[in-house]
Amino acid sequence: MYEIHLDAFDGPLDLLLFFIRRDELDIYDIPIARIADEYLSYVRVMQDVDLDGVGDFIYMAAVLINIKARLLLPSEELDEDGEPIDPRAELVERLLEYLRYKEATQQLRVLEEERAAVFHRGKASAVKAEYIDTVEVYQNTTVFDLIKALKPLLLQAPAEPTIELTNESYTVEQQIGFMRDVLAIGERKAFRYVVAARSKPFIIATFLAVLELARRGSLRLFVDAEAVDFYVERQEGNLTLEPEEA
Amino acid sequence: MESTDFRDLTDLDRVVEALVFATDVPIAAAAVTEVIGEVLGATIEEAAVVEAVAALNASYAQIGSILCIEHVAEGYRMATDKRMAPYLNVFFRQERKTRLSRSLMETLAIIAYRQPATKPEVDAVRGVDSDYAVRRLLEHGLVEITGRSESLGKPLLYSTTPVFLERFGLASLDELPTLREIEELLNEPAFSKERAELLVLKDLLPPEPTDSADEATP
Amino acid sequence: MESTDFRDLTDLDRVVEALVFATDVPIAAAAVTEVIGEVLGATIEEAAVVEAVAALNASYAQIGSILCIEHVAEGYRMATDKRMAPYLNVFFRQERKTRLSRSLMETLAIIAYRQPATKPEVDAVRGVDSDYAVRRLLEHGLVEITGRSESLGKPLLYSTTPVFLERFGLASLDELPTLREIEELLNEPAFSKERAELLVLKDLLPPEPTDSADEATP
Numbered sequence: 000m001y002e003i004h005l006d007a008f009d010g011p012l013d014l015l016l017f018f019i020r021r022d023e024l025d026i027y028d029i030p031i032a033r034i035a036d037e038y039l040s041y042v043r044v045m046q047d048v049d050l051d052g053v054g055d056f057i058y059m060a061a062v063l064i065n066i067k068a069r070l071l072l073p074s075e076e077l078d079e080d081g082e083p084i085d086p087r088a089e090l091v092e093r094l095l096e097y098l099r100y101k102e103a104t105q106q107l108r109v110l111e112e113e114r115a116a117v118f119h120r121g122k123a124s125a126v127k128a129e130y131i132d133t134v135e136v137y138q139n140t141t142v143f144d145l146i147k148a149l150k151p152l153l154l155q156a157p158a159e160p161t162i163e164l165t166n167e168s169y170t171v172e173q174q175i176g177f178m179r180d181v182l183a184i185g186e187r188k189a190f191r192y193v194v195a196a197r198s199k200p201f202i203i204a205t206f207l208a209v210l211e212l213a214r215r216g217s218l219r220l221f222v223d224a225e226a227v228d229f230y231v232e233r234q235e236g237n238l239t240l241e242p243e244e245a
Numbered sequence: 000m001e002s003t004d005f006r007d008l009t010d011l012d013r014v015v016e017a018l019v020f021a022t023d024v025p026i027a028a029a030a031v032t033e034v035i036g037e038v039l040g041a042t043i044e045e046a047a048v049v050e051a052v053a054a055l056n057a058s059y060a061q062i063g064s065i066l067c068i069e070h071v072a073e074g075y076r077m078a079t080d081k082r083m084a085p086y087l088n089v090f091f092r093q094e095r096k097t098r099l100s101r102s103l104m105e106t107l108a109i110i111a112y113r114q115p116a117t118k119p120e121v122d123a124v125r126g127v128d129s130d131y132a133v134r135r136l137l138e139h140g141l142v143e144i145t146g147r148s149e150s151l152g153k154p155l156l157y158s159t160t161p162v163f164l165e166r167f168g169l170a171s172l173d174e175l176p177t178l179r180e181i182e183e184l185l186n187e188p189a190f191s192k193e194r195a196e197l198l199v200l201k202d203l204l205p206p207e208p209t210d211s212a213d214e215a216t217p
Numbered sequence: 000m001e002s003t004d005f006r007d008l009t010d011l012d013r014v015v016e017a018l019v020f021a022t023d024v025p026i027a028a029a030a031v032t033e034v035i036g037e038v039l040g041a042t043i044e045e046a047a048v049v050e051a052v053a054a055l056n057a058s059y060a061q062i063g064s065i066l067c068i069e070h071v072a073e074g075y076r077m078a079t080d081k082r083m084a085p086y087l088n089v090f091f092r093q094e095r096k097t098r099l100s101r102s103l104m105e106t107l108a109i110i111a112y113r114q115p116a117t118k119p120e121v122d123a124v125r126g127v128d129s130d131y132a133v134r135r136l137l138e139h140g141l142v143e144i145t146g147r148s149e150s151l152g153k154p155l156l157y158s159t160t161p162v163f164l165e166r167f168g169l170a171s172l173d174e175l176p177t178l179r180e181i182e183e184l185l186n187e188p189a190f191s192k193e194r195a196e197l198l199v200l201k202d203l204l205p206p207e208p209t210d211s212a213d214e215a216t217p
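As they're listed, the protein sequences go chains A, B and C. Heads up: the first sequence begins at 0 in numbering that gives the first Met the number 0, then just goes up one per residue. Heads up: the second sequence begins at 0 in numbering that gives the first Met the number 0, then just goes up one per residue. Heads up: the third sequence begins at 0 in numbering that gives the first Met the number 0, then just goes up one per residue.
Isolated chain A (complex conformation):
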């Protein structure tokens, strides 16, 4: 037996091809009896070293032995044309098919080699980082998401004083007057501070008053960085906080 590198074969067909090549056999007339015996002896070695995939080789050995047995018997099998069927035919067909792809594999290998000599732009010049432009694509949203977004706006201001005055009511005009007094003292004021501890109707009317004053250009509104509060300030050069004459 020749020294053989068991892992040099891709599979049982590859090993079989090796025998055929080595002995310069006619692939259409493989001396199955001889090859089967040799094949078996290799498979035994494989079993001993417990090589991965040895099962595939054992299967092929079984196929070879089966063919060998059929060759010993007078042929009963006939093909469509009434010719006796060579028990080796199917195996030969498989070998040839395998051979085609084996050659194709070599051609791909050549392409791979050629390709390895080609280099592409390296990351030093990766312009992607420089020019990337991220566009946000919104995931599907539901109406409920919309409603949930409104939640903070729709919940009651916490800790309303329970001692509510009966029929408390404020008009926007009243609160414009109130704001005028507040702003007359000077500096920018947080709206939250201005309406601190006041009742809801008071807050709403005052808020509307602020909007109206802002609309008239009598005061300026500022939003803080966290956007949790806003500030009001008398508009410079427009000190009249008098209500607009309708």
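Calculated from the structure, these hints are not laboratory results. Using N, Cα and C, we set each Cβ at its ideal position, and we do this for glycine too. Check before you lean on any hint, since a few could be wrong.
[Claimed, not checked] EDC-like, lysine to aspartate or glutamate: derived pairs with alpha carbons at most 20 Å apart:
1. A:K150 to B:E193
2. A:K127 to C:D23
3. A:K147 to B:E180
4. C:K81 to A:E111
5. A:K147 to B:E182
6. A:K147 to B:E183
7. A:K127 to B:D80
8. A:K150 to B:E174
9. C:K81 to B:E37
10. C:K118 to A:D55
11. A:K122 to C:D80
12. A:K127 to C:E37
13. A:K122 to C:D23
14. A:K150 to B:D128
15. A:K199 to B:E196
16. A:K199 to B:E187
17. A:K147 to B:E174
18. A:K122 to B:E73
19. A:K147 to B:D173
20. A:K122 to B:D80
21. B:K81 to C:E37
22. A:K147 to B:E165
23. A:K127 to B:D23
24. A:K127 to C:E33
[Claimed, not checked] Selected chain A positions facing chain C (in silico; Cβ < 10 Å):
25. R99
26. E111
27. E112
[To be verified] Now the stretches of chain C that chain B is said to cover, found in silico as 3 or more residues with beta-carbon under 8 Å:
28. 14–22
29. 60–70
30. 129–140
31. 155–169
Following the hints, complete the assembly by docking chains B and C onto the known chain A.
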């Protein structure tokens, strides 16, 4: 950029070109001379590399290429003409899946319920400036400008778009939950009807002396 | 490569150049026209892109640059001339691309030529179970699942990817070397030992039998 007259590229130029093109980090002149030394067994001056870069840049300019070799702190690398930025921006545009931010969603909800709504109205309900949010919603095609209010300053009116309906799976605006439904959906003890009304009532701003401003339609 | 006479580069050429330079994977002509369409609002033919690539390559040749735009994986990408490989290999110290193992290459070849192919089909041709090889090829992005066969057990179908085309420098699957017919393989010169050696790379073959000494390995 170095101003060098165009000349035929030499083999050294070509090696420099290949290395500068393929390198993953800017390559120093010294690294180039090292490679050449190793391959050819020849020693070249770093000045020759500098010269090669100038020759390459002159060649690129000669044919009107947008390529150029730039010298950054650590060495050389290939770059494209800045004028190509618009094309590269579009090419590299990446889509990032994201949800609408809370502030965008809030603003969108207010516009959806009050439409057509002005920005001052939205600001009033939210208590914060909604300039950015409205701009983003416009960019995403979720709201659109549908006219101008008659109120002072004639602020723009915003309404939701068909894209909005599509995104939220609504056949029409009628399918938006009503205030009562919202109350049920939220199932919050602290739910404030007053605030809810603030959201949908059109007369948030005091009525204009002349006529009802918010009736203005596009 | 297209042989086009050198001409002055046009603005379109330059845009193509910038995109082909910038892309990390081959860029299709259609992608170029799309970018241009979006930036300029103008429609250009894909043929104009092909022409631009030819003009750029002519320009590079004109100045003797080692850069060229290759047509690979149904797109375009800038690459270095093969002759620069020795310098680049030294520069990168180790080869950047690892070769595929024999079993992976064989499996890949079968999928490439028979695609879409099922694993049972591949197994049958190879005579071994290709589970591991197929999985590795999927991991490498060289093949992908492209459906299910109608045959027994409805096995998955595998096809090659653009990564495959690029790795082997193919513009499209049409460029795969023709799979030779069996007769051809056997006939010229008759399936001989020499032929066998040509078919198989040296390192694939086990050492030649020296003599008939019993040197069977354990």
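Consistency of the hints with the structure:
1. A:K150 to B:E193: 13 Å, holds
2. A:K127 to C:D23: This hinted pair holds, its Cα atoms lying about 9 Å apart.
3. A:K147 to B:E180: Roughly 12 Å between the alpha carbons, so the hint for A:K147 and B:E180 holds.
4. C:K81 to A:E111: 13 Å, holds
5. A:K147 to B:E182: 11 Å, holds
6. A:K147 to B:E183: Within the cut-off at roughly 12 Å; holds.
7. A:K127 to B:D80: 14 Å, holds
8. A:K150 to B:E174: Status holds; Cα separation ~19 Å.
9. C:K81 to B:E37: Between C:K81 and B:E37 the Cα gap is close to 18 Å, so the pair holds against 20 Å.
10. C:K118 to A:D55: 15 Å, holds
11. A:K122 to C:D80: Given that 20 Å is the threshold and the Cα spacing comes to 18 Å, the pair holds.
12. A:K127 to C:E37: Measuring from Cα to Cα gives roughly 18 Å; hence the hint holds.
13. A:K122 to C:D23: Answer holds: A:K122 to C:D23 is near 9 Å, not above 20 Å.
14. A:K150 to B:D128: The hint holds at about 18 Å.
15. A:K199 to B:E196: 13 Å, holds
16. A:K199 to B:E187: Status holds; Cα separation ~19 Å.
17. A:K147 to B:E174: Given pair A:K147, B:E174 holds - Cα atoms ~16 Å apart, limit 20 Å.
18. A:K122 to B:E73: 14 Å, holds
19. A:K147 to B:D173: Answer holds: A:K147 to B:D173 is near 19 Å, not above 20 Å.
20. A:K122 to B:D80: Distance ~17 Å between A:K122 and B:D80 Cα, so the pair holds.
21. B:K81 to C:E37: Within the cut-off at roughly 18 Å; holds.
22. A:K147 to B:E165: Satisfied, since the Cα-Cα distance of roughly 19 Å is no more than 20 Å.
23. A:K127 to B:D23: 13 Å, holds
24. A:K127 to C:E33: The given pair, whose Cα atoms are some 18 Å apart, holds under the 20 Å limit.
25. R99: 6 Å, holds
26. E111: 6 Å, holds
27. E112: The hint holds - A:E112 has a Cβ within 10 Å of chain C, the shortest such distance being about 8 Å.
28. 14–22: holds (count 7)
29. 60–70: Our answer is that it holds, as 6 residues pass the Cβ test (under 8 Å) against chain B, meeting three.
30. 129–140: As far as the stretch 129–140 of chain C goes, the hint is violated, because 0 residues have Cβ atoms under 8 Å from chain B.
31. 155–169: violated (count 0)
Consistency note: the structure conflicts with the earlier hints numbered 30, 31.
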